[in-house]
Amino acid sequence: MKGIDWKTFQRLRGSEKKEYFMQFGNIFHVIMSQQFDRKFLDEICELATKIRGISKGNKGVKFLQSLLQGKRAMLYFVQPSTRTFLSFMVACQILGIQCSEVRDTSTSSELKGESQEDTVRTFSSYVDLIVMRHPQAGFAERIAFLLHQIGRPVPVINAGSGKDQHPTQALLDIYTLHRSFENYGGIDGKKIAFVGDLLRGRTVRSLVYLLRNYDGVKLYFVAPKGLQMGEDLKKYMSEQKVVFEEGEDLGEVIPLVDAVYMTRIQDEYDEAGESKRIDYSRYHFNKEYLDILHPNAIIMHPLPRRGEIPVEIDEDRRAIYWRQVRNGMWVRVALIAKIMQKDRDITEY
Amino acid sequence: MKGIDWKTFQRLRGSEKKEYFMQFGNIFHVIMSQQFDRKFLDEICELATKIRGISKGNKGVKFLQSLLQGKRAMLYFVQPSTRTFLSFMVACQILGIQCSEVRDTSTSSELKGESQEDTVRTFSSYVDLIVMRHPQAGFAERIAFLLHQIGRPVPVINAGSGKDQHPTQALLDIYTLHRSFENYGGIDGKKIAFVGDLLRGRTVRSLVYLLRNYDGVKLYFVAPKGLQMGEDLKKYMSEQKVVFEEGEDLGEVIPLVDAVYMTRIQDEYDEAGESKRIDYSRYHFNKEYLDILHPNAIIMHPLPRRGEIPVEIDEDRRAIYWRQVRNGMWVRVALIAKIMQKDRDITEY
Amino acid sequence: MKGIDWKTFQRLRGSEKKEYFMQFGNIFHVIMSQQFDRKFLDEICELATKIRGISKGNKGVKFLQSLLQGKRAMLYFVQPSTRTFLSFMVACQILGIQCSEVRDTSTSSELKGESQEDTVRTFSSYVDLIVMRHPQAGFAERIAFLLHQIGRPVPVINAGSGKDQHPTQALLDIYTLHRSFENYGGIDGKKIAFVGDLLRGRTVRSLVYLLRNYDGVKLYFVAPKGLQMGEDLKKYMSEQKVVFEEGEDLGEVIPLVDAVYMTRIQDEYDEAGESKRIDYSRYHFNKEYLDILHPNAIIMHPLPRRGEIPVEIDEDRRAIYWRQVRNGMWVRVALIAKIMQKDRDITEY
Numbered sequence: 003m004k005g006i007d008w009k010t011f012q013r014l015r016g017s018e019k020k021e022y023f024m025q026f027g028n029i030f031h032v033i034m035s036q037q038f039d040r041k042f043l044d045e046i047c048e049l050a051t052k053i054r055g056i057s058k059g060n061k062g063v064k065f066l067q068s069l070l071q072g073k074r075a076m077l078y079f080v081q082p083s084t085r086t087f088l089s090f091m092v093a094c095q096i097l098g099i100q101c102s103e104v105r106d107t108s109t110s111s112e113l114k115g116e117s118q119e120d121t122v123r124t125f126s127s128y129v130d131l132i133v134m135r136h137p138q139a140g141f142a143e144r145i146a147f148l149l150h151q152i153g154r155p156v157p158v159i160n161a162g163s164g165k166d167q168h169p170t171q172a173l174l175d176i177y178t179l180h181r182s183f184e185n186y187g188g189i190d191g192k193k194i195a196f197v198g199d200l201l202r203g204r205t206v207r208s209l210v211y212l213l214r215n216y217d218g219v220k221l222y223f224v225a226p227k228g229l230q231m232g233e234d235l236k237k238y239m240s241e242q243k244v245v246f247e248e249g250e251d252l253g254e255v256i257p258l259v260d261a262v263y264m265t266r267i268q269d270e271y272d273e274a275g276e277s278k279r280i281d282y283s284r285y286h287f288n289k290e291y292l293d294i295l296h297p298n299a300i301i302m303h304p305l306p307r308r309g310e311i312p313v314e315i316d317e318d319r320r321a322i323y324w325r326q327v328r329n330g331m332w333v334r335v336a337l338i339a340k341i342m343q344k345d346r347d348i349t350e351y
Numbered sequence: 003m004k005g006i007d008w009k010t011f012q013r014l015r016g017s018e019k020k021e022y023f024m025q026f027g028n029i030f031h032v033i034m035s036q037q038f039d040r041k042f043l044d045e046i047c048e049l050a051t052k053i054r055g056i057s058k059g060n061k062g063v064k065f066l067q068s069l070l071q072g073k074r075a076m077l078y079f080v081q082p083s084t085r086t087f088l089s090f091m092v093a094c095q096i097l098g099i100q101c102s103e104v105r106d107t108s109t110s111s112e113l114k115g116e117s118q119e120d121t122v123r124t125f126s127s128y129v130d131l132i133v134m135r136h137p138q139a140g141f142a143e144r145i146a147f148l149l150h151q152i153g154r155p156v157p158v159i160n161a162g163s164g165k166d167q168h169p170t171q172a173l174l175d176i177y178t179l180h181r182s183f184e185n186y187g188g189i190d191g192k193k194i195a196f197v198g199d200l201l202r203g204r205t206v207r208s209l210v211y212l213l214r215n216y217d218g219v220k221l222y223f224v225a226p227k228g229l230q231m232g233e234d235l236k237k238y239m240s241e242q243k244v245v246f247e248e249g250e251d252l253g254e255v256i257p258l259v260d261a262v263y264m265t266r267i268q269d270e271y272d273e274a275g276e277s278k279r280i281d282y283s284r285y286h287f288n289k290e291y292l293d294i295l296h297p298n299a300i301i302m303h304p305l306p307r308r309g310e311i312p313v314e315i316d317e318d319r320r321a322i323y324w325r326q327v328r329n330g331m332w333v334r335v336a337l338i339a340k341i342m343q344k345d346r347d348i349t350e351y
Numbered sequence: 003m004k005g006i007d008w009k010t011f012q013r014l015r016g017s018e019k020k021e022y023f024m025q026f027g028n029i030f031h032v033i034m035s036q037q038f039d040r041k042f043l044d045e046i047c048e049l050a051t052k053i054r055g056i057s058k059g060n061k062g063v064k065f066l067q068s069l070l071q072g073k074r075a076m077l078y079f080v081q082p083s084t085r086t087f088l089s090f091m092v093a094c095q096i097l098g099i100q101c102s103e104v105r106d107t108s109t110s111s112e113l114k115g116e117s118q119e120d121t122v123r124t125f126s127s128y129v130d131l132i133v134m135r136h137p138q139a140g141f142a143e144r145i146a147f148l149l150h151q152i153g154r155p156v157p158v159i160n161a162g163s164g165k166d167q168h169p170t171q172a173l174l175d176i177y178t179l180h181r182s183f184e185n186y187g188g189i190d191g192k193k194i195a196f197v198g199d200l201l202r203g204r205t206v207r208s209l210v211y212l213l214r215n216y217d218g219v220k221l222y223f224v225a226p227k228g229l230q231m232g233e234d235l236k237k238y239m240s241e242q243k244v245v246f247e248e249g250e251d252l253g254e255v256i257p258l259v260d261a262v263y264m265t266r267i268q269d270e271y272d273e274a275g276e277s278k279r280i281d282y283s284r285y286h287f288n289k290e291y292l293d294i295l296h297p298n299a300i301i302m303h304p305l306p307r308r309g310e311i312p313v314e315i316d317e318d319r320r321a322i323y324w325r326q327v328r329n330g331m332w333v334r335v336a337l338i339a340k341i342m343q344k345d346r347d348i349t350e351y
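Chains as they are written, first to last, in my numbering: chain U, 3 to 351; chain V, 3 to 351; chain F, 3 to 351.
It is possible that part of the hints are untrue.
Here are the computed lysine to any residue pairs in the SDA-like style, where the Cα-Cα straight-line distance is at most 20 Å [as the list claims (entries may be wrong)]:
1) LYS73(U) - ILE56(F)
2) LYS64(U) - LYS20(V)
3) LYS9(F) - LYS20(F)
4) LYS64(V) - GLY72(F)
5) LYS165(U) - GLY115(V)
6) LYS58(V) - GLY228(F)
7) LYS165(F) - GLY115(U)
8) LYS64(F) - PHE65(V)
9) LYS73(U) - GLY140(U)
10) LYS20(V) - PRO257(V)
11) LYS220(U) - LYS236(U)
12) LYS61(F) - LYS220(U)
13) LYS61(V) - PRO155(F)
14) LYS20(U) - GLY140(U)
15) LYS64(U) - GLN71(V)
16) LYS220(F) - GLY191(F)
17) LYS64(F) - GLN71(U)
The set of hints was computed from the structure by calculation and includes no laboratory data. These numbers come from a predicted model, not from an experiment.
The whole structure should be built from the sequences, with the hints applied where relevant.
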């Protein structure tokens, strides 16, 4: 199987791709949410919590920083990003990894006519880990494949690709749900509403793929006509026996659920200003909804937000989107530690 | 007082604002020059000198780097800057702080419609210190206030805001004066000329606020018509009993003073090319002035310069603007150490 | 000699310039390939190999990182670059040097009318080493000279200047040749073909200057009419008794040589689209050439490439351009270690 080409590789199933990658040693790429199973999710949540605890003491901070001293990561972010970029950078810093970055292709050799494959291959020569955000769906996987082909495999983490996938955002959402429901029976059996532009929001797509790993979960998709969840994902959920309902009325759904996941409209993907014809204010979390939301329920948002959640909601203790930001940092530390095979050192600390 | 809003906060006096911030623990923001008193200035100068000494040996360098290992700073610089940015970055490196940076808002989430408050709040989630340069006067204070409101206070340092304030530049100027007059009775009683575009130069404004802390200082404002020191500052000095004189003739003033503080014309703030109608060459430090300047006097400049000081002046030992650059680094190390409560570790070293 | 001016300095011979710099202590600048002699090249190759070995173990990695802890470098890259920039950054990280960078002059004080000399002088205030890429030939040397003049000498490394020089690329090419021919008698006596745009490719120019240090080397310059090696270099080689031949037919030369050094067309230096009138495909390394290339010969390329070498060639074990990339990192670590006087610590490890 070693000598297969890109086209053959693309036709493999998930488990076969994993097998392909494992031929070259214990290299672990993070490409898409579908690759994570329940065991992995439980481990990563536990690891993140352990790391948060360790980092509270001075000695722990130094222990974490010593774990990957001398290792180097490349942050290749050729799509605008603040939150995810900084989150990964800080996660690397916490583990003692040194970062270099490419954010603006105008300073790069692509100007001189180099292919993207050659560019990334060059980076891989210098580093032990590549984190990449790229507008093109599937690009991270193509690079992971290429690095194996050329015999210098380096772990690749997909930090967002086009409208498609954002698996580490999904992990941080899972970790947030996990922490929030820790004393309420965990994620199993919870009812979760997803609100807004579900068609084009990759964070929701990535999270939904993960939720099939939990028992008895029920999802509500609340979206304007034309922005409802894509058919591919609905088909996937039916196959995976995940129960879901579709609707347009947010106020009706709020009293029913344990978590409300708000999203902004993704008008950067508009083709002809179609967002302007939608009354998106119906998909805002208004102050009066606080009264009908269950006392133990939570309000999530991947951020950045526009008007979906007014700033005054922030003070409600069920609004946990700012905690999501911190969780994102911890879960990325956990993920990198696992990829770089330092998870055991941490759990044994 | 905890629940006050931004408008109420803005109407507070300096000491009340300080009290407000102190409610949340020992958090120290650097917002404006007016907040520094003589005791603070003397301490920071001593601390900077101590740090310079420590850093001369290899052991000292490692001691300094260990002080804040595991801490992280965000450099949020959305106005062009070389000197100040690098100076802060290096100051962090000296203390073992890891930096992340935002310099170009085009790579940030602001593109996606996020408010500046949300953007900065996101950064604050990842770091222990925020250093910010922003075109808008008062922005650093607004953020400091916001971070307290949301219960996640992180120290904020104003690294320059619009035409308004640049308090750390003022600190480095004070430190430069302090070092230069160490053997000549200190800053008290010294005569200092400020030359050039005094209306729009925030470095001069910030420094003048600090000079009220010294006894018997006399200031000379030498500026073209239309660019004289602002009325607000002159009023402030009268209230604070700081003696000053205004004039237009540089050659007349030079023999009288202990320090000449040159500045460039700030034509980036022109509204209709008014700078072009001014003969700014009258506010250049010409070579012949070296003969009439007192042998122990000093020539300062915040840099960058244009033609205000010809390069040949650099060789005169009274020209100390390049030393100002180094002083800026040391005083920022001292300031950060103080904010992060490591000043005692340093003085006891 | 201390007080000489820039014009006088420029007229000095290489050995005199070196003497000038040495007056100020043991400061070592890397300006141009001509400054390296055989002894230096042998030492740097050995040092690079030693460092590669040390870095294989965890203990070695930590040893290397401790060598220059507390030192700071400025990467001043105002010309587009990915490879060289990252290579230097990573080299600094390996030795524990902290980096700051200037890549985009639009964020710098040059906007405010500052001279480049003042800008770089500012940087030199903060750091212990300056690495610079600049479009202007001779700029690195001018800065090195200036820093001596002002009494704050800091080592300067030229990381590429215009069409002129790229001495560290030449060093990595030498190191690649050195490693490849280690078991075949070394570089002495080898036949090397240079192919493509030899007129404007600074990497080839810089490498050829170094090859005069080896005995019995023979060079073949294979280039389209109008892009042949410049007269200045051919004159230099005649003086240095380096044997060379010029030609246009790549297929004819390949069977004769031990190394083929391919280059891309440098059309960014075109004055009126002259590159478009050249059939550059005649200077591509086609697959059939693999059959006529000697089994122990090597194929080099400074990268980035366009079509000069098809991707399928990469799999041939004589294609070593990706190894060049890694060699570049190691040789830069060695060079910086030598400049910062840590070479003995390394060889004694």
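- Straight-line Cα separation of LYS165(U) and GLY115(V) no greater than 20 Å? holds (18 Å)
- Holds or violated: LYS61(F) with LYS220(U), Cα cutoff 20 Å? violated (52 Å)
- Regarding the pair LYS64(U) and GLN71(V), is the alpha-carbon distance no greater than 20 Å? holds (8 Å)
- Item | Pair hint outcome, LYS58(V) versus GLY228(F) [Cα-Cα no greater than 20 Å] | Violated, at about 56 Å.
- Between LYS64(F) and GLN71(U), is the straight-line Cα distance small enough, at 20 Å or below? This hinted pair holds, its Cα atoms lying about 8 Å apart.
- Take the C-alpha atoms of LYS9(F) and LYS20(F), compute the straight-line distance between them, and say whether it is at most 20 Å. Given that 20 Å is the threshold and the Cα spacing comes to 16 Å, the pair holds.
- Item | Given pair status - PRO155(F), LYS61(V), alpha carbons within 20 Å | With a Cα-Cα distance of about 23 Å, the restraint between LYS61(V) and PRO155(F) is violated, given a limit of 20 Å.
- Message: Against the 20 Å threshold, does the CA-CA distance of LYS220(F) and GLY191(F) hold or violate the hint?
- Response: holds (7 Å)
- Hey, LYS20(U) versus GLY140(U), does the alpha-carbon distance stay inside 20 Å? holds (15 Å)
- Item | Hint consistency between LYS20(V) and PRO257(V) [alpha-carbon to alpha-carbon, up to 20 Å] | Violated, because 42 Å separates the two Cα atoms, which is more than 20 Å.
- Verify the proposed pairing of LYS64(F) with PHE65(V), using a straight-line Cα cut of 20 Å. holds (18 Å)
- Message: Holds or violated: LYS73(U) and GLY140(U), Cα atoms, limit 20 Å.
- Response: violated (26 Å)
Checked against the numbered hints above, the structure violates hints 2, 6, 9, 10, 12 and 13; every other hint is satisfied.
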